[in-house]
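Sequences listed follow chains A and B, in order. Start counting the first sequence at 1; every next residue gets the next number (this note's numbering). Start counting the second sequence at 377; every next residue gets the next number (this note's numbering).
The hints are simulated quantities; they were obtained by calculation from the structure and are not laboratory data. Heads up, some of the hints might be wrong.
[Said to hold, decoys possible] Computed from the model, here is a short list of chain B residues facing chain A with C-beta under 7 Å:
{"hint": "1", "residue": "Thr457"}
{"hint": "2", "residue": "Asn553"}
{"hint": "3", "residue": "Ile554"}
{"hint": "4", "residue": "Pro578"}
{"hint": "5", "residue": "Ala593"}
{"hint": "6", "residue": "Val595"}
[Stated by the list, open to error] Calculated lysine-lysine pairs in the DSS-like style (CA-CA distance at most 27 Å, straight line):
{"hint": "7", "chain 1": "B", "residue 1": "Lys531", "chain 2": "B", "residue 2": "Lys510"}
{"hint": "8", "chain 1": "B", "residue 1": "Lys510", "chain 2": "A", "residue 2": "Lys78"}
{"hint": "9", "chain 1": "B", "residue 1": "Lys531", "chain 2": "B", "residue 2": "Lys514"}
{"hint": "10", "chain 1": "A", "residue 1": "Lys201", "chain 2": "A", "residue 2": "Lys226"}
{"hint": "11", "chain 1": "A", "residue 1": "Lys78", "chain 2": "B", "residue 2": "Lys477"}
{"hint": "12", "chain 1": "A", "residue 1": "Lys201", "chain 2": "A", "residue 2": "Lys224"}
{"hint": "13", "chain 1": "A", "residue 1": "Lys96", "chain 2": "A", "residue 2": "Lys169"}
{"hint": "14", "chain 1": "B", "residue 1": "Lys514", "chain 2": "A", "residue 2": "Lys96"}
{"hint": "15", "chain 1": "A", "residue 1": "Lys346", "chain 2": "B", "residue 2": "Lys510"}
{"hint": "16", "chain 1": "A", "residue 1": "Lys78", "chain 2": "A", "residue 2": "Lys201"}
{"hint": "17", "chain 1": "A", "residue 1": "Lys346", "chain 2": "B", "residue 2": "Lys514"}
{"hint": "18", "chain 1": "A", "residue 1": "Lys78", "chain 2": "B", "residue 2": "Lys488"}
{"hint": "19", "chain 1": "B", "residue 1": "Lys378", "chain 2": "B", "residue 2": "Lys510"}
Given the structure is predicted, the values throughout are model-derived calculations rather than measurements. Glycine included, each C-beta is placed from N, C-alpha and C at the ideal position.
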Amino acid sequence: MMSPNALCFGEDLPATGLPCHVEISPTGLTVRFEEQSPALGELSLPFSAVSVSAGGLDHDQLVVRWGLAPHVHTLYLKDPSLIRSFRSAAPPELTKHLDETAATVRRTRSRNRAVWAFLLAVIGGLVLLLWFSTDVLVGWAVDRIPLDWEQRLGQSAYQDFLLQQTVMKEGPSVAAVQEISQRLIEHLADNPYTFEISVVKNDVVNAFALPGGYVVVFTGLLEKAKSGEEVAGVLSHEFNHVLQRHGLERIVRQLGVVAVLGILLGDQQGLAGVMKQIGVELFSLKFGRAQETEADVTGLRLLYRAHIDPAGMVTFFERLSEQEQGRVEWLSSHPMSAVRAERLKKEIGSLPTTVPEPFTFQWRTVQESASAPARR
Amino acid sequence: MKSEILYPGAFPMVRVELTAGETIKAESGAMVASSPTIDVESKMEGGFLGALSRKFLTGEKFFFQTLRASRGPGEVLLAPTVPGEIVTLELDGVNEYMVQKDGFLAGAETIKLESQMQSLSRGLLGGEGFFILKVSGKGTLLLNSFGAIHKIELKPDQEYIVDNSHLVAWSGTTSYNIERAASGWVASFTSGEGFVCRFRGPGVVYIQSRNPGGFGAWVRQFIPVSE
């Protein structure tokens, strides 16, 4: 007995089908069953006695049917070469029907393939779109965050922060920072923010701005800076972070597409909830390199408009760069200070020269008050 | 490959006897114990890409184990991860079975395993995912299930309806359509059945008496939630 190449089904046969061997002759088929079913033995079926259709899970099997109810038997042929020889031997009226079935199968298959291809293309397209449009999307979403949300967010973080710090209430250092800020703020073009600036007793050489215009200057910065112009450079930079809404951009980026979609759908309530959670993390927000550069350049222009000597900004970065020897620029989110100083020098060169107006305070007094023990 | 199911019921184990040089394939992690003559090898059925596609597409384990009686005859004990019955099928070389992704336990080396992509509607709604295992060839195949395994025999054109999450395996001669369980969308889901598969014979459908997803959901309510 040759190895089985088909399965035979019927009322009296097992549900898994009886393996059998099918041979195609010019007049019909011969079906031979295995030894264990001698009752069936060998069957000769002329083409005129059978009908055919497609069957099986993927409609890729040839189903040959014969007999009258309830003694109908069906053969399932799966081997493609067997199906081919059946089709070439069978009379046209049988194969005509088969051709239609085959066409249907092909149509179904190509439709499935097309659906899959379409789906993959759509998914791929969406991924690419999201990949390349994040900046646009983030910007778009940030534009839609109302100012009072931003202010509320910044304010709560600002107040929480100040509670844990020693805030300088008065004295030459506070007065100097106020004067510098005032000069800068007066020259801001369409500024919707009410800036609030605090001087905090801390040795950290830094200043930071929270969304909504809440700025903190550490006394360490005042002690390290060589002039009021240097501090003005840092403040101008921080103010521009606020104006460009860099903090919000970072938040939206961190929250991801979900937040962006939330904003798109006008669900600012939901955003407020999430923001409350991340308000705590506001201080760990790092601006990106592009944002730093933007704040540098716009900060420099602001110094110009306020008639503050922009050289202060450059010298401050140069001083910082001395402490940064050995860092690699592309590894860090802050462009390295030397690179920043260079960029600023180039920018200064492109701007017309103006006569700077000096500040009214004595920098030495400011520094002395900054380094003096705090009075609460 | 001679196999015997020990402790039939919820916690069965299979003893497989191998003649010298014989190998079997098993789900990775399925081996419980073996004679010292048996070597365990990890084999990526269908090559690396085949294994990779199976891993990502069917969720099947990346590797199948190959157990080889390389130093003489011996026996291996195999068991699935989940409690449930094991069933033995003898493939005759003509019959093919589609097996949902967790159903394969072990098989003779002569059986062939392929990942097969389902049509979109079956993949989305059938409950077995987009890819299933197609098992063909000649030899013994061991399937495992969650709960008891039940065999439904379908005569030609006989139909039967199965909740999609209870499917284990079905023969390649059957065909099925996905349908809503009840005539209305709302009723379909409120009845707890959602989608069902309408199978059409001839062929055999193996179903499991428990629904893994349903069981998972039931267990979840007892797991304390942190925060």
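Structure-based check of all given hints:
| no. | hint | result |
| --- | --- | --- |
| 1 | Thr457 | violated, 27 Å |
| 2 | Asn553 | violated, 11 Å |
| 3 | Ile554 | violated, 13 Å |
| 4 | Pro578 | holds, 4 Å |
| 5 | Ala593 | violated, 25 Å |
| 6 | Val595 | violated, 28 Å |
| 7 | B:Lys531 - B:Lys510 | holds, 22 Å |
| 8 | B:Lys510 - A:Lys78 | holds, 14 Å |
| 9 | B:Lys531 - B:Lys514 | holds, 23 Å |
| 10 | A:Lys201 - A:Lys226 | holds, 18 Å |
| 11 | A:Lys78 - B:Lys477 | holds, 24 Å |
| 12 | A:Lys201 - A:Lys224 | holds, 13 Å |
| 13 | A:Lys96 - A:Lys169 | violated, 97 Å |
| 14 | B:Lys514 - A:Lys96 | violated, 34 Å |
| 15 | A:Lys346 - B:Lys510 | violated, 67 Å |
| 16 | A:Lys78 - A:Lys201 | violated, 84 Å |
| 17 | A:Lys346 - B:Lys514 | violated, 78 Å |
| 18 | A:Lys78 - B:Lys488 | holds, 16 Å |
| 19 | B:Lys378 - B:Lys510 | holds, 23 Å |
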